[in-house]
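There are 2 protein chains.
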Amino acid sequence: MFKDATVAEIDIVLQKSWKAFHQYRKLSLKQRADFMRAIATEMEALGDELLTTCAAETNLPEARLRNERARTIFQLQSYADACERGEWLEARIDTAIADKTPPKPDLRKMLIPMGPVVVFGASNFPFAYSTAGGDTACALAAGCPVVVKAHPAHAATSELVAKAIFRAAEKNKMPDGIFAHVHGVGFEVGKALVTHNYTKAVGFTGSYVGGKALFDWANQRKEPIPVFAEMGSINPVFLFPEKLEQSAADVAKLYAGSITLGTGQFCTNPGLIIGIQSKALDEFISTLGNEVKRIAPGTMLHPGIAKAYSEKRKAAISQPGVDTVAVSESEASSNQGAPTIASASGQAFLNNPVLHQEVFGPYSIVIKCKDLQEMAEVAKHTEGQLTCTLMATETDIRNNEELVETIKNICGRFILNGVPTGVEVCLSMQHGGPFPATTDSRFTSVGADGIKRFARPISFQGWPDSLLPDELKNGNPLKIWRTVNDRVTKDNIS
Amino acid sequence: MFKDATVAEIDIVLQKSWKAFHQYRKLSLKQRADFMRAIATEMEALGDELLTTCAAETNLPEARLRNERARTIFQLQSYADACERGEWLEARIDTAIADKTPPKPDLRKMLIPMGPVVVFGASNFPFAYSTAGGDTACALAAGCPVVVKAHPAHAATSELVAKAIFRAAEKNKMPDGIFAHVHGVGFEVGKALVTHNYTKAVGFTGSYVGGKALFDWANQRKEPIPVFAEMGSINPVFLFPEKLEQSAADVAKLYAGSITLGTGQFCTNPGLIIGIQSKALDEFISTLGNEVKRIAPGTMLHPGIAKAYSEKRKAAISQPGVDTVAVSESEASSNQGAPTIASASGQAFLNNPVLHQEVFGPYSIVIKCKDLQEMAEVAKHTEGQLTCTLMATETDIRNNEELVETIKNICGRFILNGVPTGVEVCLSMQHGGPFPATTDSRFTSVGADGIKRFARPISFQGWPDSLLPDELKNGNPLKIWRTVNDRVTKDNIS
Numbered sequence: 001m002f003k004d005a006t007v008a009e010i011d012i013v014l015q016k017s018w019k020a021f022h023q024y025r026k027l028s029l030k031q032r033a034d035f036m037r038a039i040a041t042e043m044e045a046l047g048d049e050l051l052t053t054c055a056a057e058t059n060l061p062e063a064r065l066r067n068e069r070a071r072t073i074f075q076l077q078s079y080a081d082a083c084e085r086g087e088w089l090e091a092r093i094d095t096a097i098a099d100k101t102p103p104k105p106d107l108r109k110m111l112i113p114m115g116p117v118v119v120f121g122a123s124n125f126p127f128a129y130s131t132a133g134g135d136t137a138c139a140l141a142a143g144c145p146v147v148v149k150a151h152p153a154h155a156a157t158s159e160l161v162a163k164a165i166f167r168a169a170e171k172n173k174m175p176d177g178i179f180a181h182v183h184g185v186g187f188e189v190g191k192a193l194v195t196h197n198y199t200k201a202v203g204f205t206g207s208y209v210g211g212k213a214l215f216d217w218a219n220q221r222k223e224p225i226p227v228f229a230e231m232g233s234i235n236p237v238f239l240f241p242e243k244l245e246q247s248a249a250d251v252a253k254l255y256a257g258s259i260t261l262g263t264g265q266f267c268t269n270p271g272l273i274i275g276i277q278s279k280a281l282d283e284f285i286s287t288l289g290n291e292v293k294r295i296a297p298g299t300m301l302h303p304g305i306a307k308a309y310s311e312k313r314k315a316a317i318s319q320p321g322v323d324t325v326a327v328s329e330s331e332a333s334s335n336q337g338a339p340t341i342a343s344a345s346g347q348a349f350l351n352n353p354v355l356h357q358e359v360f361g362p363y364s365i366v367i368k369c370k371d372l373q374e375m376a377e378v379a380k381h382t383e384g385q386l387t388c389t390l391m392a393t394e395t396d397i398r399n400n401e402e403l404v405e406t407i408k409n410i411c412g413r414f415i416l417n418g419v420p421t422g423v424e425v426c427l428s429m430q431h432g433g434p435f436p437a438t439t440d441s442r443f444t445s446v447g448a449d450g451i452k453r454f455a456r457p458i459s460f461q462g463w464p465d466s467l468l469p470d471e472l473k474n475g476n477p478l479k480i481w482r483t484v485n486d487r488v489t490k491d492n493i494s
Numbered sequence: 001m002f003k004d005a006t007v008a009e010i011d012i013v014l015q016k017s018w019k020a021f022h023q024y025r026k027l028s029l030k031q032r033a034d035f036m037r038a039i040a041t042e043m044e045a046l047g048d049e050l051l052t053t054c055a056a057e058t059n060l061p062e063a064r065l066r067n068e069r070a071r072t073i074f075q076l077q078s079y080a081d082a083c084e085r086g087e088w089l090e091a092r093i094d095t096a097i098a099d100k101t102p103p104k105p106d107l108r109k110m111l112i113p114m115g116p117v118v119v120f121g122a123s124n125f126p127f128a129y130s131t132a133g134g135d136t137a138c139a140l141a142a143g144c145p146v147v148v149k150a151h152p153a154h155a156a157t158s159e160l161v162a163k164a165i166f167r168a169a170e171k172n173k174m175p176d177g178i179f180a181h182v183h184g185v186g187f188e189v190g191k192a193l194v195t196h197n198y199t200k201a202v203g204f205t206g207s208y209v210g211g212k213a214l215f216d217w218a219n220q221r222k223e224p225i226p227v228f229a230e231m232g233s234i235n236p237v238f239l240f241p242e243k244l245e246q247s248a249a250d251v252a253k254l255y256a257g258s259i260t261l262g263t264g265q266f267c268t269n270p271g272l273i274i275g276i277q278s279k280a281l282d283e284f285i286s287t288l289g290n291e292v293k294r295i296a297p298g299t300m301l302h303p304g305i306a307k308a309y310s311e312k313r314k315a316a317i318s319q320p321g322v323d324t325v326a327v328s329e330s331e332a333s334s335n336q337g338a339p340t341i342a343s344a345s346g347q348a349f350l351n352n353p354v355l356h357q358e359v360f361g362p363y364s365i366v367i368k369c370k371d372l373q374e375m376a377e378v379a380k381h382t383e384g385q386l387t388c389t390l391m392a393t394e395t396d397i398r399n400n401e402e403l404v405e406t407i408k409n410i411c412g413r414f415i416l417n418g419v420p421t422g423v424e425v426c427l428s429m430q431h432g433g434p435f436p437a438t439t440d441s442r443f444t445s446v447g448a449d450g451i452k453r454f455a456r457p458i459s460f461q462g463w464p465d466s467l468l469p470d471e472l473k474n475g476n477p478l479k480i481w482r483t484v485n486d487r488v489t490k491d492n493i494s
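Protein chains in written order, with the numbering used here: chain A, 1 to 494; chain B, 1 to 494.
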């Protein structure tokens, strides 16, 4: 077991991190990218030990862990590439106009790092959203040192990955303090990290309670700092009439898989399905129920999550007007989550905030609206989400423009005829959404645009070419895209 | 006089604004831009009435108001152009890869508006940072309706500009509620606006006390919303030894003008000048003092600001170790601010937080450090700023790399051998900075990048070309810059 860091230890960590910041921020984009690639290499070099350690801690199957490790390595490498390509720097140049009244000075802007970033790993993604995950990769690309608080549910895995990062740092001659790794089971460690004067930004993936606490502490500081907390979502799926009429059974089968994938432990698990009373909806529900009955319970990430699932599921299905449609026919042992489908009327959903809450695990509730108007009411009364999905034909969409716009307005990713559970790592991915899905819908935690969470613009006014950073020099030595006098270009300035 | 809006009136305003949001967000970039240009036209059409009304309310001279009006019109027009060019949309496309395992879906991301934006105008810029100022222009470009709370110090001016906006809205057939204008002297109106459920973002320029209150209310909401508050700055100027040796008198004359420009009522007024004890610094101080003595007091924006200046100036110059170097030789009448220069030692500054506070008006304090090391200490202990300025030769900069980096780290705009008081309206301008200069250093309130304060990304997954917004269609009908499969391009997708 690992000891919780004390406030004094955290202070030492952040003093070092602050010192490292002043060295690391001066390194070139290439040096940052090479360091990130080295982390990927060292993480891969951990080999099977990493997988077996993690499987023991999280109960996640090996195949899933192999995939997640590959994704994490890909993230490090692809964000390293993006770091070097430099589009995230938002380089803008306006050259001087001497004969304007008053004369217009030479102005050049780019993003620079904010300072040490504290990262809180997620229980459900021990690699991709944890120690060397997306937040860490984004912060390092931005030029920020990172302090990771290991998730207690996979602390040994986190230790291993941290060692890989330390090795990469040493091999790449990174400044002492570029990365730190602390443990903490209680809230105190998180609070000490977020409220430390030298912490300048926070990345978090986890529960609403945890994320909101960090957000509040950060805003109550003498100097408030930005927190990007991704706090989960129920990821509503809207079943439109024509689509359901055409393929109720197929959609049901697709969703049975998505709801129970990874024992339902994805932030993008579809926990809410909204349809309109009809024969087709009855068919959808019965097929979904039959599918889910046949899916065996899976062991959940840790006993705490299994317990929370069991309690929240029980609370949800015992609400007035909620029917249990189907439960897995295999008996669930104590740390397992039994796949479950419930249903309720549109009115029951609208009147009961409990049904809007995430039940983290293989659970979904089908809302039976009396008509499209009630479906629109449900959409309007649903809080911010990471994803919303439409199962709809083109005619469904064209006939219901207002409803489609209402749904679009509450989510970060808007899916047509698919499942939300695949979070592709690419620039066009938005993994974020209106509160309470995240604390700031203007940012993403997946894709290289996530780098911008940890960087801020600075304008250089009146600096000679010789003293400007390479990113902004006339000759454009890094060959990056820049906006020069309102024109997007890679050209140099003559 | 204008009546404060009641909570019930504010509710009606935001209900209408919310309704307008759902229509306005669907309008094309061109429709938004045309509306913004129409506001510029209508504002110009107000003619001399606008100038005389404003001069009577603010005591600002006509020439200054003409310039500020021209700047405001330019802002509206140039942000309209930027809105149409569409680079701010950050359009990203990753096309599908069917034979990947699992198959990669088609993903396309762009920024969409957040919802109604509440704008609080500034007392010191009745046009450019007020009713039809930068925040309003940015919000409209982003696709958000705007509710302006008029600044009580120029409420009649604000009424006139609001009428121009209403006329432009009518002529351009904008939805009812696209713009609203309310009055309020007390904090209650601001609080009701910021805490209303339909308010989705806030723009503010003004005092620390005002901005921080809005920020706190916004974060304490059930659904927190982003506030971009620009809360002023003391804009430190660092006098480096070689530069001062070469041109102490010239620098002093330049700064005498900058400190007293517009009776010192700019957010970027240089209120803190840091030098190193030397003959050259003595010469700088005596020249600055002599210049300032000859500058006549100006009438301040309103009696409240004149009173605050007088009190804060008195508090500053009566601190232990502070000497008054020079005060304008002309007698200041009750609503005027007398140009004043004070001085103190580095130690006095380091030990006394009062000397770090902004004295809004024609005041500056010169800090006499004993050496470069003490100057570095002063830099390290100075809070976040809109601007920092170096008066330095290239040798000064090369010899003091650490110090230069420390200064860079605390500001949004980093000026070499110039004055901070000119805020150029262009894409490379950063008008923002680390807290307490603003509440979020990642954004700017000047330049078209300010649009991004009020917009959030959304990813479309699996949508057919026919249903995608024009910005993301294969054919790129708007001919905007997009990143397609990690390549920046205007090409269409075949």
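Worth double-checking, as some hints may not be accurate.
For identical chains, the list gives no copy identity; a pair is met inside one copy or between any two copies.
In silico DSSO-like links for lysine-lysine, alpha-carbon gap of 27 Å or less [stated by the list, open to error]:
1) K222 - K380
2) K212 - K222
3) K279 - K370
4) K191 - K212
5) K408 - K473
6) K473 - K490
7) K171 - K212
8) K191 - K222
Keep in mind the hints are simulated off the structure, nothing from the lab. Small disclaimer: the values here were computed from a predicted structure and weren't measured.
Going through the hints against the structure:
| no. | hint | result |
| --- | --- | --- |
| 1 | K222 - K380 | between (37 Å within a copy, 16 Å between copies) |
| 2 | K212 - K222 | both (18 Å within a copy, 11 Å between copies) |
| 3 | K279 - K370 | within (12 Å within a copy, 85 Å between copies) |
| 4 | K191 - K212 | both (12 Å within a copy, 22 Å between copies) |
| 5 | K408 - K473 | between (41 Å within a copy, 17 Å between copies) |
| 6 | K473 - K490 | both (12 Å within a copy, 25 Å between copies) |
| 7 | K171 - K212 | neither (38 Å within a copy, 45 Å between copies) |
| 8 | K191 - K222 | both (14 Å within a copy, 21 Å between copies) |
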